[in-house]
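**Student:** Protein chains in written order, with the numbering used here: chain A, 1 to 489; chain H, 490 to 969; chain V, 970 to 1064.
Just so you know, the hints here were simulated from the structure itself, not pulled from any lab data.
Possibly wrong hints are sitting among the right ones.
Stated by the list, open to error - Quick list of in silico lysine to aspartate or glutamate cross-link-like pairs, DMTMM-like style, CA-CA up to 25 Å:
1. H:K543 - A:E244
2. H:K679 - V:E992
3. H:K508 - V:D1034
4. A:K414 - V:D1034
5. A:K94 - V:E992
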Amino acid sequence: MELYKLTAHELHDKLVNKEVSSVELTNALYERIDAVEDRVNAYVTLDKENALAQAAKVDAKIAAGEAIAPLAGVPGAIKDNICTKGLLTTCSSKMLSNVVPIYDAHVIKNLRADETVFLGKTNMDEFAMGSTTETSFYGPTHNPWNLERVPGGSSGGSAAAIAAGEAIWTLGSDTGGSIRQPASFNGCVGIKPTYGRVSRYGCVAFASSLDQIGPITRDVTDAAIVLNTICGKDEMDSTSLDVEVPDFTKALRADVKGLRIGLPKEYFGEGIDPEVKAEIAKAVKKYEELGAEIVEVSLPHTEYAVITYYIIAPAEASANLARYDGVRYGYRNMNAVSAPEMTTMSRTEGFGLEVRRRIMLGTYVLSSGYYDAYYNKAMQVRTLIRRDFEAAFEKCDVLLTPTSPVPAYKIDGKMDPLTIYMLDVTTIPVNMAGLPGISIPCGFAKDGMPIGMQLIGKVLDEETILRAAYTFEQATEYHKVFAPLGGKQ
Amino acid sequence: MTKYITVIGLEVHAELKTKTKAFCSCSTEFGSTPNTHVCPVCLGMPGALPVLNKQVVDFAIKAGLALNCDIQKYNKFDRKNYFYPDLSKNYQISQFDKPICLGGHIDIVVDGEHKRIGVTRIHMEEDAGKLNHSGATISTSDSSAVDYNRAGVPLIEIVSEPDMRSAAEARAYMENLKAILEYTDVCDCKMQEGSLRCDANISIMPEGAKEFGTRAEIKNLNSFRALERAINYEVERQKEILEDGGHVVQETRTWDEGNGVTLSMRSKEEAHDYRYFPEPDLVPVQLDDAWIERIRSTMPELPAQRQARLMAEHGLPEYDASQIVSTKAMAEYFDEAVKTAKDSKAVANWLLGDVSAYMNNEGITIGEFKVAPAHLAELVNLIKDGVLSSKLAKKVFAEMLKNDEAPKALVKKLGLEQVSDEGAILKLVEETLAENPQSVADYKAGKDKAIGFLVGQIMKKSRGKANPGMVTKMLKEKMS
Amino acid sequence: MKVSAEDVKHIAQLSRLTVPASEMEVFTEQFNQILNYADILEKIDTTGIEPTPYVLPVSNVLREDVVKEGVSHEEALKNAPAVHNDGFKVPRVID
């Protein structure tokens, strides 16, 4: 089996047993990247020299018989909105196309401490605003299962890299589904932790009360391993929770006996593609066979989640992106004669259309006269959405839904913004309530495109959704199916 | 001719004396090379996040207690959104609808009238950076260089009720506010350096009107004098507009110290829409009684209490006491001096008279005043003990200003001891009476003023050292 | 029409953006589409419901007033488009 098809936990064993060296492994990944990257476009920046240097360091440690962390020497990739000191961090935007951060994000610090290898930075929707990775300044990423389809977004590059074997593990970020939806479109695992589990320090902010960093990996075990490294209180992030980080790998038991799985009826309505419904139904059956108890629940305010999100997120984004003005870093229009003109031109030229749309939407809903009708109202509805989940969780331990109403669709499908926004209906509510959510592969559409299943847990209960996900994964083979890369299956 | 009432509200920004900035651990040290006390947070770099400095909260509570406010146990931060190069995130973290303090007051005395000025609210926020313009002023500059050393320095904004009705009241409010902040040691209150800034909201309304007039906000007032002058100018400006049948425009104006006028700062855009919303990167502040009491227990004696104490313990009149306590340094000087002085009132008189005059002349503060409190006390004692006449004391004082020499030594050195020896005075009296028969005759004829001349002659002879009281007594005795 | 092209221009101005003339019509239309959809929120009765500005039930995250080294002067200016006298150079601040 090619090295790039193995998981991090398998490769860790091989490294420790000296069956393969980290340098070999890293080179193998770069070879794979060379072979497919011109078709996939998962990466914005590659960092080969530093990656190999780091790999060599780990090999030396192994040779000296020293113990290494699970991710040490295992090559991964980082979504390009997470600051890596000394390595270009562009957010796939012209605005930051020349910006080299002067500090590491907290999660990067933790990963460096575990001596992992960074292959490079992955492509994304510009400033994480999008669900297809089509708004990237560096061109769209192509879905390895069908190159004419989108990889999802905004962490499309990370998910595609996993599916194409261009990285063993990756980090993405999730504000309204940006880890889970691409994971489901690419047949891999993606987890958005409870809000506050992972420090946002160094994650370029899109919507501060919704953003979370999380892993996109080949299987559930790898996701748990990455979570172990990136979770934890950070004094540099006031919204990072001061709670103990359990060893998430200990939650990986194949056992769902007596687990109450809630199916929120609003997630199984008309808007869901019939093939998606079918695969989810099969998955539900599987859980029943494995001993879980299926419960019907309701999340009545689901239909308001999308618009509430598209009021709150752009509002926060309009302020978070105000700092991009050409003054201290980033793209600057050098011809302007006044600072206001310079700022306006730099922003107009530096930001793509979707980013500009969302900034203006955000400005509008916060502006004088509209705050109460839009922003404040949305914040009240957010409270109701949270209460929906709290009520549902009195009847069940986890919720099961499709990750996305549809499988991956065509690149440049010419859908209007609102239609695309509506497809986030299944993932958005989880961010609104700050809950943990995982997407795992649970089947395929007839045309071979992967379909993902989402499990939503209670606050800080990643362990239960990991266990439920792991159980399903171990009882099926979906995580072992590799993307054909090019052409239909 | 309509009579107008002036309505003034003041917004004061005070930089807090913390070691680090409000939301990052950069030093707040003043006056270094640009951009040397900065980090990703205060530079507004992508991905950076704020973390609140506990000392900022403590200082804000302290200021609030000192200003008699209701401390708001639950308070939170908001983003105030506007674009400007000195604002590294293009929003300022401030407090909008739930500030840390509400409802306080400052008591002032103007022309003997006591008045209570309301404090509407106090909130915490961060300062912006500094623009260094290439030209002389912002309007004559082709470019500017931004320094973010000051960006993120913590401020409290103290907003008064529009309770002031004259420039004098506004000045009194500012003086008292400054003193209170100095005493609590939350701010170093250097108006010239910008650590205490004042904006005035001024409007006028016809006497008897039910509603306030439209107000103008005046910025760039960096001294008490500027505040007074600006208010007086602005009131006249607004009066003229109304008398001419026009309307006062609600706008921001700047005080032009050189020309003594306020100028419109209104740009072509309309008024700012700050689009306040809760700061999602911070969590709320939840205070409890224990926290507030802990801060209250560190409260020093405040100006009002100190003033009351000086009036009670030292018998100082209200006005004098209020002047002594108006700055912490002056109050501390006084307290030190009266430890060894036999006459507190005299100490006060010296401080408010000769010492203040000297300081004004030299443009220095009491912190820079060379004469030690103990020495001033000594001078006062010499007069009290009759060793030195008040007139000659001024001479000694002038000498002390040079090198802070102890007055006792100076008196000896200069040979200025007052002569109170009866025999010596008698001799002088008899001499002078003999030399001035006309004056004696005049006095005996009923011209009381003639004795003044005789006293003057004796003072001349004794080079000012004769005890004037004794001289006068003896002259009267001899001529009766 | 919830917002006109004029309104869009004003919002753009507040956001320090311009909408190119060629994009204006489609942009305004799509903007309106989104805002019209937002009308569904009127259906919900939110009387007495507290807004959720904070997802976490946390307060008082504070740090001690201790100076920590920031970044060096060079690092601070590393990505600056223009520098002058140790500061970030910008063209005239007033229009």
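**Student:** Now, for every hint given, state plainly whether the structure supports it.
**Tutor:** These are the hints, each one checked on the structure:
1. The suggested pairing of K543 of chain H with E244 of chain A holds, with an alpha-carbon distance near 24 Å, which does not exceed 25 Å.
2. Taking the CA atoms of K679 of chain H and E992 of chain V, the gap is about 52 Å. The hint is violated against a cut of 25 Å.
3. The suggested pairing of K508 of chain H with D1034 of chain V holds, with an alpha-carbon distance near 6 Å, which does not exceed 25 Å.
4. Restraint check for K414 of chain A and D1034 of chain V: the C-alpha separation of about 54 Å exceeds 25 Å, so the hint is violated.
5. Between K94 of chain A and E992 of chain V, the direct Cα distance comes to roughly 19 Å. Compliance with the 25 Å bound is thereby established for this hinted pair.
In terms of the numbered hints stated before, the structure departs from hints 2, 4, listed from lowest to highest.
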